[in-house]
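Student: The chain contents come next:
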Amino acid sequence: MKGPFTYLLLPHLWSSRNRAGRRERGDLTRACLFGGVGIGVFLALFSGAAWLTLQLQDYDELGDYLLRLGLSWIFMTFLAFLAFSGIVTALSTFFLSDDLRLLLTAPVAARRLFYARFARTVAQSSWMVVVFVTPILLGVGLASCAPASFYLTSLLTIVPFAIIPVAVGTACTLLLVNVFPARRARDLLMLMGFLFAGAIVILLRMIRPEQLVRAESLPDVTGFFSTLQSPVTPLLPSFWAGELLFASLKGGWDFLHAGALWTTALASCVGLRMADERWHFSGYSRSQEAPKARFTKFRTLDVIARALPLSPVRKQLLVKDLKVFLRDVSQWSQLLLLLALMLIYLYNFRVLDLGRIPYMSGFVKNVYAFVNLAMAGFVLSTVAVRFVFPMVSAEGPAFWLIRKSPITMHDFLWSKFWTGLVPILLLTETLTIAANELLDVDPFLKIVAAVAIVLLSLALVGLATGLGARYPRFTADNPSQVAGSYGGVAFMILAVLLIIVMIVLLGWPSTNYLYYQLRHRPIPAGRLAMMGFSFMAAVGLSVITWLHGMRSGVQALDAMSN
Amino acid sequence: MIAVHNLVKQYGKFTAVDDVSLDVQPGEIHGFLGPNGAGKTTTLRMIAGLLKPTSGRVEVNGHDVTREPELAKGSLGFIPDRPFIYEKLTAAEFLRFHAGLYGLDGNGVMDRVHEMLDLFELRRWENELVESFSHGMKQRLVMCAAFLHRPRAVAVDEPMVGLDPRGARLIKDVFRRMSERGVAILMSTHTLEVAQEMCQRLSIILKGKIIAQGTVDEVRTLAGDPGDHLTSVFLRLTGGSALQELDEAV
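Protein sequence lines, in the order shown, are assigned to chains A and B.
Residue numbers for the first sequence follow my numbering, so the first one is 22 and each next one is one higher.
Residue numbers for the second sequence follow my numbering, so the first one is 32 and each next one is one higher.
Treat the hints with care, as some may be off.
[What the hints assert, rightly or not] Here's a subset of chain B near chain A, in silico, CB distances under 10 Å, partners left out:
no.	residue
1	Arg-88
2	Phe-109
3	Tyr-117
None of these hints come from the bench; they were simulated from the model.
Using N, Cα and C, we set each Cβ at its ideal position, and we do this for glycine too.
Can you build the whole structure from these sequences, using the hints too?
Tutor: So, in structure tokens, the structure goes:
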């Protein structure tokens, strides 16, 4: 190959152009939904940054100091993210990507291939940081009436700032794949990543940041600033980026930190390229080795399956689904993050200080019971779209095995349903019961919420299974892609609507019941009938959603077979 | 030409390729036969520069694949068993990109692309996305790409899989014409009729080791029956008694 390394990026550009030229069903819905969320987040970050900057300007030098510190803090947060993202992305771009099978057989110089792959790694690892940091810097710049050079400096800061941690991450990957086979390294990283994220989230919550806004628990000013400043070290690129931007914000130019950023970025590129030329091929060669299977002797599953009152076909489908799930770290490791979020959710209820509003506490508690129900419903739909909706698609190219077997599509899909329902029901029921216990809500509401979760689980898991069969994506690379498809988005919209309607249908009779109970008055017969009707409507809606979802899924699979 | 010297590939304690040596001269079609898992694909991947040999040496057109990878790869056309094609590119875009990888540029590139598309009967689909192609069409597109830069040697893994009789015939004709022009072709195949019909020399690999090498007649003689059909020879050499057990089981 004679041209520059950017030639190797052409297929991705051409593919994107060709993909953009073809319209698929649901493109508009997806664009509206994700575009709307994106614009919302952009505006929130922009206005938050601008508002905070304006507030800080009231405090002259102290405000400047805090702004300077804040910029370093923002970049400090992104630094860790970029390094970890670089490790994970480099595994894919340098070692596991399918197109390497084509490029490595072509006479492409190792140096050109390295630069093309590294450019892709930097772009893939840092686009999210750029998306987040752009509205923040725009907000800060506009609120400070910064000169035009600030925006140019921002660009000149972000590029080397992204390159340095991604280069460090890529170097770690290079080292890892030369020690472990790449696929095993990916699993390890995936697990570490989710454990790390879960631990951070729990840690941040456990330090109870809400106490900072309580006047009685404010620390003294010196202690406060020393705590804030402690992680900002002058040796990190985040500090250089913060200083450079702050100087530019004030109309100046910080050559020292600009030089530090750019020279480090260039040096890390050159150093990494030399290491890549030396060790990439051996690492790539190792990545071709098949990973050893986990849970090959996981007999407990077979024992449990044997004990279940299921037909042999359903037993085998269940065992197969569970083994495939357990052997794929990218699947179950996400549950760790979910578990961490659930713990925080429950912890929030534990530390909720409703005693501070004594006259309202009884009422607020009962309102919270429904908020809790809605939250559990959202957790349920999120888990369902991520784990249940892709279950049919997960059969992938092996779906022919099911279709040629003497199994009805009805049996197949219902097997998927039960496999998804049991863990989700356990998860959300535990969440709801525990939260209501911690809140000490009215016993009647505890029962209503517990029953509502059973109904919602049946309805949402049924809907996810059915829509997953109706809109399968057998060629998707991973379940996240399936969850983000047209069917997945449609499921989320329907799920949110169902949860809202269920909350209304259950909330209205429940509050009526509590109203009459608190006043020790009997419920009028007409009102009682209406309440009963509302409860029954909730039950009916759930059952119809569940069964209709499943039937529509079975019909779609049958139509596919014909 | 392709020259493989004492090639070894180990995965941990498992030896996938064990001291394999072979030599494919210009104009020769060399059949590389062996049962599933014998080490054919691993050997071909080392020849193509996709796998690092544990020991041994591979030369393509006189260039060492490890020491002069660009020169060696520039002389080789590789057709893998599971080829990668950018699914969202059109056939012409894929070939144009491939041409660039091998240093072909200028006005003549599209003429060469069209020539290859005509040769493999894909011209009608030149502006269609690859994702809409059948298996056989993808196979032919990969062959277009492999021959695009006029390689001096070709390593091909199972070229006939998934091709209809017309496609198979086309590929055989192309391989013959290439070998007549002096291209060295190393072809791994399970289709023994194809090997018997096309190959001047054969290497049979079993459990990573070459167990027979020579012309078709030499291999027949080695197996003990010069007049026997190649299938019987292959089964005898690679442990075909399992077939009888299979018969009994069925």
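Student: It remains to establish, for every hint, whether it holds in the given structure.
Tutor: Hint-by-hint comparison with the structure:
1. Arg-88: Hint violated; Arg-88 of chain B Cβ to chain A Cβ min 15 Å, cut 10 Å.
2. Phe-109: holds, 5 Å
3. Tyr-117: Status holds, d = 5 Å.
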